[in-house]
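Hey, can you work out the whole structure from these sequences and the hints?
2 protein chains.
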Amino acid sequence: MTVSREIRLKSRPVGVPTADNFELASVTLPAPGAGEVQVRNSWMTVDPYMRGRMNDVKSYVPPFQIGEALQGGAVGEVVASNDPSFAVGDLVQSMFGWREAFNAPASAVQKLNTFGLPPQTFLGIAGMPGMTAWAGLLKVAGLKDGDIVFVSGAAGAVGSVVVQIAKIKGNKVIGSAGGADKVAFLKSIGCDEVIDYKAEKDLTAALMRAAPTGIDVYFENVGGEHMDAALAAARPFARFALCGMISQYNATGEMYGVKNLIQAVGKSIRLEGFIVSNHFEHLPAFLQDMSGWINDGKLKWTETIDEGIENAPGAFLKLFKGGNTGKMLVKLS
Amino acid sequence: MTVSREIRLKSRPVGVPTADNFELASVTLPAPGAGEVQVRNSWMTVDPYMRGRMNDVKSYVPPFQIGEALQGGAVGEVVASNDPSFAVGDLVQSMFGWREAFNAPASAVQKLNTFGLPPQTFLGIAGMPGMTAWAGLLKVAGLKDGDIVFVSGAAGAVGSVVVQIAKIKGNKVIGSAGGADKVAFLKSIGCDEVIDYKAEKDLTAALMRAAPTGIDVYFENVGGEHMDAALAAARPFARFALCGMISQYNATGEMYGVKNLIQAVGKSIRLEGFIVSNHFEHLPAFLQDMSGWINDGKLKWTETIDEGIENAPGAFLKLFKGGNTGKMLVKLS
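So the protein lines, in turn, are chains A and B. Its first residue numbered 24, the first sequence is counted upward by one per residue in this note's numbering. Its first residue numbered 24, the second sequence is counted upward by one per residue in this note's numbering.
Do not rely on the hints blindly, as some may be mistaken.
Unchecked claim - Below, a list of computed lysine-lysine pairs in the DSS-like style, where the Cα atoms sit at most 25 Å apart:
1) B:K162 <-> A:K162
2) B:K290 <-> A:K162
3) A:K221 <-> A:K282
4) A:K282 <-> B:K224
5) B:K81 <-> A:K290
Unchecked claim - Label-pair distances were calculated between CB atoms; the ranges are:
6) A:M231 <-> B:G58: 38 to 48 Å
7) A:A274 <-> B:E277: 16 to 26 Å
8) A:P307 <-> B:K167: 24 to 34 Å
9) A:V37 <-> B:R232: 26 to 36 Å
10) B:K321 <-> A:D168: 37 to 47 Å
11) B:S314 <-> A:A131: 54 to 64 Å
12) A:V84 <-> B:G165: 25 to 35 Å
13) B:G337 <-> A:T41: 53 to 63 Å
14) A:A274 <-> B:R232: 20 to 30 Å
15) A:V84 <-> B:R232: 21 to 31 Å
16) B:G320 <-> A:F303: 42 to 52 Å
17) B:R232 <-> A:M231: 42 to 52 Å
18) A:K167 <-> B:R232: 39 to 49 Å
Keep in mind the hints are simulated off the structure, nothing from the lab. In this text, all values refer to a predicted model and were calculated from it rather than measured experimentally. Ideal Cβ positions, reconstructed from N, Cα and C, are used throughout, including at glycine.
Right, dumping it as structure tokens:
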């Protein structure tokens, strides 16, 4: 018998989530049944998109249920197997995050080939956030030679990969982030111009200074004023990849109203929302690109790591306070 | 010597244009010089996009200059020619609207082959507004079988053609317009559901009732609340063709803030602004489609006609008051 602690949704957040919305609980796992494996998680991820699943609304993923353990990406090790396709010690990836251990059908976990990378990178640069960056920049925005690229939330798990892929491709990149540490981080990964949005009164003016001839691609992670600034600075035929709008996820009253959308008409701007699963057919190409760039030393990643399942809610809350640089992770074992 | 009256920009409008922003003036035209023709306009067009040219801002067309005659589409007849390529009586199309007659280099006017249609249709259904509708719906939004289409400003010169092309293609179409006359007109051209936006308190709720399963294509002519309603009602992978946002053209303070743009992320919506000149390579295909549909009786058009150059400013002002059904035109001779 194994005891696993897990984080459950105690109540649906109204506005910014707080620690009170979560509860820590313990469950006892029996030995895995026929066709099942038991996995001890070593890493779990917290991601901004999970905020949406805490609301009781229909979306591209079903909402979390109150009183049940949350879900999300995790990597771990098989500690008991009752299925011939898995052996004790196998490294696996699953959506059974937010818990220390679990039993699941063998079909619900995937063996992880790390290509020599640390396993937690498959929750970040080599996983969903990395693929989101890759697909958004190359497939949705359709990055071309000479494009000037603006990335908001550029120091985050997705943004920092967008910045680096654009630099690998030889483009000029402007990134925005909040605070001196993130500015320094962005400069260290080669971002040509960095806007500290917390230090700017007028984001549009700051973007115009950083990109005096305008931008061709905008990778949107933040929303709100960032969108208005990008529309104002866009050149004709600019393409916007809309990945997320973290500034709006906790809105309780009205959302921020985007005032410059009219500029999309005269400047023939294309804005395209996407979720990474639209692009899963490109997974092999993504893994080939990323492993090559990492092995060549062209791509760096940064992690902010909290430890222990009891600290997972706090790690999640940091995402909305700008508390992470690079990928926010929770180390579980 | 010919006297021509013309409309000049007297002052730049602030907010909604008024009659005071325009002045009527007379000019005397000499006989056309070598390589020139003299044309007497029979029709001129007024279009919403001209409002943008009245501001002193850089855009895809240069601004009108104070004290100079306005410009825009016109059809007329050659009354004197000093160029071998034109003869008196030739029907021509030009951008020398807002005046009764003009001299111009032969290269600045085009002979008009009407394919048996009334010449003023080349300022409407068979001209720029018709091509805007055709390109926006078929090329920008990429209309597909089964798409449910929402068109705002559906009783206007562009919108009414969008509605009819979508019906020819077999799609369900919801149109919005203001007032009972326009509602009746839209029903007469086959629009499946019509929203009288002036009679609705909650445009989103009205759209949800008209399209309970959501919309796949939005053809945007109006902006503001219409955009928020369309985003709310959009189904996954909806495509929005952003043609214009007439509700915002006269804004003096802040523009309306679009609050639902965040829905573009989760629903993978594509919003694409365009201007008709992006699609001029499709002109032959457009003319083939339109002349075929008109000759087969599948496409109808409606005109609102004012007479006399002195009434051209008033005709233009009607566009912003919902004073036109179908194409707004000024008959000059």
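Hints, verified against the model:
The straight-line distance between the Cα atoms of K162 (chain B) and K162 (chain A) is roughly 20 Å, inside the 25 Å bound, and the hint therefore holds. Under the criterion of a C-alpha separation no larger than 25 Å, the hint pairing K290 (chain B) with K162 (chain A) is consistent with the structure, at around 17 Å. Among the hinted pairs, K221 (chain A) with K282 (chain A) is consistent with the structure: their alpha-carbon atoms are about 21 Å apart, no more than 25 Å. For the hint pairing K282 (chain A) with K224 (chain B), the CA-to-CA distance comes to about 22 Å; that is within 25 Å, so the pair holds.
Restraint check: the Cα-Cα separation between K81 (chain B) and K290 (chain A) comes to about 11 Å, which is no more than 25 Å; the hinted pair holds. Between M231 (chain A) and G58 (chain B) the beta carbons are some 44 Å apart, a value that agrees with the proposed interval 38 to 48 Å. In this structure the supplied range 16 to 26 Å holds for A274 (chain A) paired with E277 (chain B), their Cβ-Cβ distance being about 19 Å. Checked against the given bound of 24 to 34 Å, the beta carbons of P307 (chain A) and K167 (chain B), roughly 28 Å apart, stay inside it.
Between V37 (chain A) and R232 (chain B) the C-beta distance comes to about 29 Å, which sits within the given range of 26 to 36 Å. Look at K321 (chain B) against D168 (chain A): about 45 Å separates their beta carbons, and that is inside 37 to 47 Å. Take S314 (chain B) and A131 (chain A): their Cβ atoms lie about 59 Å apart, and the range 54 to 64 Å holds. In this structure the supplied range 25 to 35 Å holds for V84 (chain A) paired with G165 (chain B), their Cβ-Cβ distance being about 27 Å.
The supplied range of 53 to 63 Å is met by G337 (chain B) and T41 (chain A), whose beta-carbon atoms lie about 59 Å from each other. The hinted range of 20 to 30 Å is satisfied by A274 (chain A) and R232 (chain B), whose Cβ atoms lie roughly 26 Å apart. Checked against the hint of 21 to 31 Å, the pair V84 (chain A) and R232 (chain B) passes, with Cβ atoms roughly 27 Å apart. Take G320 (chain B) and F303 (chain A): their Cβ atoms lie about 48 Å apart, and the range 42 to 52 Å holds.
A C-beta distance of roughly 43 Å is found between R232 (chain B) and M231 (chain A), which places it inside the suggested range of 42 to 52 Å. Against the hinted window of 39 to 49 Å, the Cβ-Cβ separation of K167 (chain A) and R232 (chain B) comes to about 43 Å, which satisfies the hint.
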